[in-house]
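K.L.:
What follows is the residue order along each chain.
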Amino acid sequence: MNKLEVLLSSVDTHTVLSRLLGTELSIVSERYKKFHSRLNKKRFVVSVAGVQGSGKSTMLNALTFDDSVLPIQADETTCVPVEIGYSETSSGKAQVRYTDGTTEQIPANESALAIFVDNKYNPGNSRLVDRVVLQSADKVLEHGLVLVDLPGVGSLTESNVNTTRKYLGESIGVIFVLRTVPPITRSESIFIAQQWVQLPTAWFIQNRWTDETNEEAEAGRLHNLKVLKGIAENNRIRLNGDPVIHLVTAYHALKGRLTGNQEETRRSGILDSAKSLRDHSIHWPQLVRKQIHESVGADLISCTDIVAQRMTDYKKDKSRLKADIEDAERRYAQYMDDTQSKINEATTIVREFIVDQKRSTQRWVADARAQLRNQMRTLVRKGLIDGPRLSTALQEEQGRQGENLSLHIQEQYMAHCDKIRQHIAHMVTWQNGNVSTIGIDTPTRTPYENLAKPILTGLASIGGAWGGLTYGATLGSAGGPIGLIVGGILGALIGGFLGWGTKRVVASHQSSELLPKIFDAIDHFVETSSTDVIGQLEKHEAGVKNELEKWLHSQTKQFQAELDYATKTMHASREEQEAALKGLEADELALKAWLSDLNEESI
Amino acid sequence: MNIASLASRLLTVLQAHEDTTRSAAASMLRDRIIQPQSYVSIIGETSTGKSTLINCLIGHALIPMAAGPSTAAVIEIILGEDAEEKYSAVYRDASHEVLHADKFKEYALMAPPSVQRLRVCAHTKAPEYKGLHIFDTPGYNSIAQEHQEILERFLPESDVIIFVNGYKSGFGQSDQDLYELVHEVADPDNSIPVVFVINRVPLSVYPESDSRIKEIISNASDSLKRELKPLIIRSATENAVYQGDTNAANNALPDASVLWQQVSQLVHTAERKTAVREKLKQALLELAENADKALERAEQIAIASNAELVQVESQVATLELARKNSLSEIAESMTRIASLLLKVLEREVTDIRKKLQNEILSSSKWLGAEDCAIWVAQHALPSAVKNIAKTLEFTIYVELQELNEKLEEIANTAIHQIESDVQVRSDASTDFAKSLGMELTERLAGAGINRLLRSIGGVGGDAAGMGNVVKMLSKRLGKLVGKTFSREFYEDLGRMFTKELMEKMAVVVAVLIEVGIFIYEAQTWQKKLYNKVSEAIDEWHKSVNESMLGAQLNKLRMQNEQGIQSIYDPLIRELLKNLELRRTDAAPWQAKLAIFRAELALIRAEIPTATFQE
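Taken in order, these protein sequences are the chains called A and B. Read left to right, the first sequence gives residues 1 to 603 (our numbering). Read left to right, the second sequence gives residues 1 to 614 (our numbering).
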């Protein structure tokens, strides 16, 4: 076993850290157990995103299977998450996991899977499937890469939105499957921006259908490139040069694979993407190891500082110590004032955003209602009085109006999240009387920083006194409060806009009776839509508030622990003092030894 | 000190300095300070009685009341103190011609295409109506097709818009189209006060319970996207007709005093007065400061050493190069956009053709040939066009975003070069470079006085300087250069394209409906209808291609080029002129500049505490 593993599983280490940090042993052990299992768990989830008709399923089949396994239906969307992981021997089975926890084995082939993942056979996920798990022996997955085909935004339902969010939370990268014709649209660009900001490690695969000419492919690629550069620019995503767009003919890739025609596979362009994915996955375990190594190192150094501080404290005379405590209290009060006012500012930013968006939603209600009513008036005036056709027209126009609102709010939301991130990045944590900024959210977002999130989420959820330990570039990253606050909102809007309150109007053939009925349906639509959006906004506000308060609470707790120890030190008898010093010396030795062990295993 | 006389003094200095653009701005500000102007537009379909309402205010039949439908001109009525009425025509090339009363009446009914608008200076005794400009506009077809400039430049800067609906004709499709158009183009954010008139309401109608009035209000409110409370104007002819007095019936003017009182209240609110004064004062101060900076630069050139003059020459070269590079970027970008749009449109058209074919062929053979035709013409096609418009918008947006970045980079490089590449190390030349860089930055941002200067500096044509001064001065200028890609811009772009595409669609759709009515044979109508639809799409495609590559792209190109010119040209001109003056008669010029600056310093010091004369 390596030194890092030894440290992670050493009860001694857990005990010392727990004692010095004033945190329950079980919490420390749990954290290190998580680190330990993360080290050994070769699982790197990359989610795959793409709109209808992008060829996402074809692409995934071509990347991972020798048979066509995932249902390919251009018109339908995947309605449940499908996970594809590695197994040396393919069982030919797929596992269906239901939301109630039960599972079922089904044959891993297109028709069997379609029943569960295809919207046509499982409309709105009425079968309550949580996910489908597949295995493949393909080399691309060999190093722990797990590809997850997530339901499209439009097909999220209550029963799969949580799984989808969980996968997104676990993801360390994302593959966007782009189209050639049409290239990235405005709504697609917002979707990409939202995910890319969260997951800077991104692959862009532009699928080209066989009827698309070279000229179209190049024009599409140029457009896509410009859009992606714009997104990166607007969202401070750091790029080394231009984003890479892999041009792939998924159909040829799949056909080449199914027929064993290597030349066709090669010409499809898929090998580059596969290689890039595989190369990353080879690299990942090392990165994970490095980050855990750094976290443990940070823990140990932090404890060494505490020991040194305490030893000095014990050696101080009582009046000096008292003065120091008073000084710390003063500084802490000042710190609390500052922090509180920063939190207030952040809350104000959120409040203002919510008020603004509510106002524009309300304006949308009035405008969309008026617009729809007039459009329907026009149709009826021009002689369109066929009920079903009017209904269809109304639904299409409602969709358009709904999209206006949704795009508007999402764009505003992106800008708002950026603002909040900037704000929180300047807040500081309290630790042993020292303050350091909690934010890593430097002006740019770098690929790989997102690795820290799934690896270290345990840390953030431990909370409490551990908050004080989250210093240093790695730990403070997405695992810290910023990741929680802003990242926690990821998906607040995904999953939103599900139930655009469309209602079919069953209309008679008399236009005098027709319009009032249509107007009722319009009222229903605008009201349910705005209620939905306002609900999402309020959820966001509550979420941010809650996280900030939790974080503030953890700071107080941290300070209280320090204060308690200092008070204890002050009131200690000579014997107690000596015993404590002896204990601290032992701790110091142990910490030193562990640190040198850790350093031996330099990465 | 009185602010009007400060404005006059500023004007005198600028004229003496031969600074034509800033003089024009000062002159406009001065006129506004002396006589506040208000702009009121009247919108309504033909025969809703708009002209009659204006005649009520004047007290006699100033404007012919039976204006023909689609050829009518826009008439601007300016109320002032002169007892004699004066008529003139304003041409599209911004020239004016004085007209005889007869000629005016003739033009009012049918104006030659070169006329942009007719103008009448009329007399009013009431002080509250002095300085009022009323724009009488023609109905939907005419304004949508012939009066783009009015829609885009005058209406948005109105202080009040009056919408007039005729009770008898009710609220029809053309009313809806007109109101929606005005709302979309002129006032999408409902920032202009609106008066909604239901005109010629018979005496027997009780407005509170009348269902037609209710319907009109509901439809008008939906079209303008705001709650409307109507002003009911009663029919004036009823009594005369009843009494058989033909003469009285023909000349009867209704009582519209309530309308004009309301308008007067809206343009004379205390807030508006304060806001206008605040803006005027601020604009005057900014103009004086901006002029002083220019004079300071001139002074620096006047006393510059030879080495410093060489430096200035190289700065001119930097600006010229930046300008040239920007223009060639624009040209390249426009060529690319043109070819992209052609391709995207081609592709989208193929798509809708396929979709509509499915739609038509899959509808039941035995019923509803006519229904299907209406459906395709009134919904399916327009809906497809809206989607196409969105795709085109986004394509242009992506390209313009790239162009914007390139232009910004060129400008920033120029600024950087001017500021850092100072060969001659002296305080004066460093200050000079900084001042130049600052001026360029301000022009790039299109803020404050630069907007005013730009609108006066030729871009605005005849419409420049017209309209609501508060709106004019506070609107952002930086549309295409600077921090430009705001939602505002995106929506403008959208309006521009969608509107054009929809209008072209409306033309071909009109043909389709006729076709729908004549095809009855159950076995063959689908194919026939599809063929007609396909022809309509072709025709549309062709006309959109032409207009997109022609007028629309040209407009885009011009906006961009003018943006670039308004950034670089005035600076280049200023520097070249100063260099020339320095070479020809440096000493007297220097003395003059000193006097100008001393006077400007006095003016600037006094503006903040200056007062408006009541």
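Treat the hints as calculated values from the structure; they're not laboratory data. Careful, some of the hints might be misleading.
Stated by the list, open to error - Now the in silico label distances, taken between C-beta atoms and shown as ranges:
hint	chain 1	residue 1	chain 2	residue 2	range
1	B	269	A	363	40 to 48 Å
2	B	321	A	266	26 to 34 Å
3	B	269	A	336	22 to 30 Å
Claimed, not checked - Capping the alpha-carbon separation at 27 Å, the derived lysine-lysine pairs in BS3-like fashion look like this:
hint	chain 1	residue 1	chain 2	residue 2
4	B	504	A	226
5	B	273	A	382
6	A	226	B	386
7	B	504	A	120
8	B	324	A	382
9	A	226	B	390
By construction, the Cβ of each residue, glycine as well, lies at the ideal position given by its N, Cα and C atoms.
K.L.:
Quick one: which hint numbers does this structure break? Sort them smallest to largest.
P.N.:
When the structure is compared with the hints, numbers 1, 2, 3, 4, 5, 7, 8 turn out to be violated.
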